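Participant: As they're listed, the protein sequences go chains X and D. The numbering of the first sequence is the working numbering, which starts it at 1 and goes up by one. The numbering of the second sequence is the working numbering, which starts it at 279 and goes up by one.
No lab work stands behind these hints: they were computed from the structure. Keep in mind it's a predicted model, so treat the numbers as computed, not measured. Quick reminder that beta carbons are idealized off the backbone N, C-alpha and C, glycines included. A hint or two may mislead.
[What the hints assert, rightly or not] Restraint ranges, calculated between C-beta atoms of paired labels, are given here:
(1) D/W296 <-> X/F50: 35 to 45 Å
(2) D/D332 <-> X/N260: 20 to 30 Å
(3) D/V358 <-> X/Q258: 30 to 40 Å
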Amino acid sequence: MKNTTKGIISACIAAAVLIIAGCGQSSSPAPASTASAQSEGGSAIPNTVFSADDLAGKVIGTQIGTTGWIFAGDVENAEVEAYNKAADAIQALKQGKVDAVIIDSEPAKVFVDKNTDLTILSDPFVEEEYSIAYKIGNDELGKKIDDALMAIKADGTLDTIVSHWIGDDPDHVSYTPDSSVARSGKLIMATNAEFPPYESMESGEIVGIDVDMMRAVCDRIGMELEIENMQFDSIIAAVNSGKADVGVAGMSVTPERQKNVSFTQGYATSTQVIVVRK
Amino acid sequence: MDEFLQKLNDTFIVDDRWKYLTNGLKTTLIITLFAVMLGMALGFIVAVIRATHDKTGRLKVLNFISKIYLTVIRGTPVMVQLLIIYYVIFASVRIDKTLVGILAFGINSGAYVAEIVRSGIMSIDGGQFEAGASLGMNYNKTMTFIILPQAFKNVLPALANECIVLLKETSVAGYIALEDLTKGGDIIRSVTYEAFLPLIAVALIYLVIVVGLSSLVGRLERRLKKSDRG
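Build the full structure now, drawing on both the sequences and the hints.
Facilitator: Right, dumping it as structure tokens:
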């Protein structure tokens, strides 16, 4: 009995210590921000990257397996840090652990919206196109999806979805699946829900452009959509090994990827951008 | 066969990709080595504090702190501790990530080592303390020269096991973008999109190290046995 009480007390104290440590952490940057309040949200560690040329020799944060990560590898003398999630790279940037983050433009906008101390540099890298990945040889499925994509592009469904998630008209409903469609079989979609606005977790559900677009595609091809959330760098392996039928994750077509999976036509264009502290 | 050779070439040879594994291995070994040292040091200190308190009732405050340390560290996953050290304790500091790894895994291992060593100390018959006292040794001397050497021998297998666990646990270091052996394999996997070879290679390297460690410990155990009577 006595031991149990002791155990409970020490657990409580341990929790208290953690909470106090946590408070210490969250309150300690406060004086720093008041001190630099004149410079409006100025971070403790000043930014040193003002253009793509400044990246040389710097520490660049990226998400492993993304095109940003591949680009960062080509920057002269730069030290590339490959985080498992884009959000982790952004957090490291905020804390001054990296000098810049290279990431796709749309997620970058979402991150910058949510973090007032960050900004996007105006010079973007090359433009690229997002496509849906499917297993090499599974051309029957590829053709069906391609046709469905063509159809939802033509009738404006895709535009409506995109404008719901990006800017223009956030109030209207993005896409409502058609309940009258007869469905046979499941289409398993592999994605990495860390990539707003294409896919992210919202109150426990995976939502975004890719998700709504695939619901529209599934309505056209008469299949039921099932979403598998996984690490970005596992998606192609999942499609390859048949664990998923398609990979839809704001994935752009690169020669290395094409060696391992087939891609449908593009459904969105994107650029890689540099995110830095203000 | 040709396809397999092609994959072998893609996974390890092209762009010197094997270097991800060797550099990762180096990082893994450095973290493990220093974390083991830190863990052993912390563990022995905490174990002696706890055992001394149990046996003599002294060191109340230190014992209390040790108990909190054990509760917190053993009650939370090492990956969460690693993230807390990186993102919370060292927030807004650019710190060497290998050091973060060493600290996180060392502090974590210390808690387990402490309980292992304490169980070793408790396993030594109380008569040994009396024997020390009858030789005119005080508590500290008895602990250092009579109890701890015997305790160490008893817990050696458990300590070796802890080292092995620690080595394998460092595989979560990739979460703070530390390029250890596992992350090295992940990096190759994300350029080649081929899962089999990098993962098997990484697994084999861990296995070889663990088997090597086990045989070293076996040798040490036999060495220490020599002093046993009969």
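Participant: Now look at each hint and say whether the structure bears it out.
Facilitator: Results of checking the hints against the structure:
For D/W296 paired with X/F50, a C-beta distance near 37 Å keeps the hint of 35 to 45 Å intact. Taking 20 to 30 Å as the suggested C-beta distance range, the pair D/D332 and X/N260 does not conform, at roughly 60 Å. Distance hint check for D/V358 and X/Q258: the Cβ-Cβ separation is about 38 Å, which falls inside the suggested range of 30 to 40 Å.
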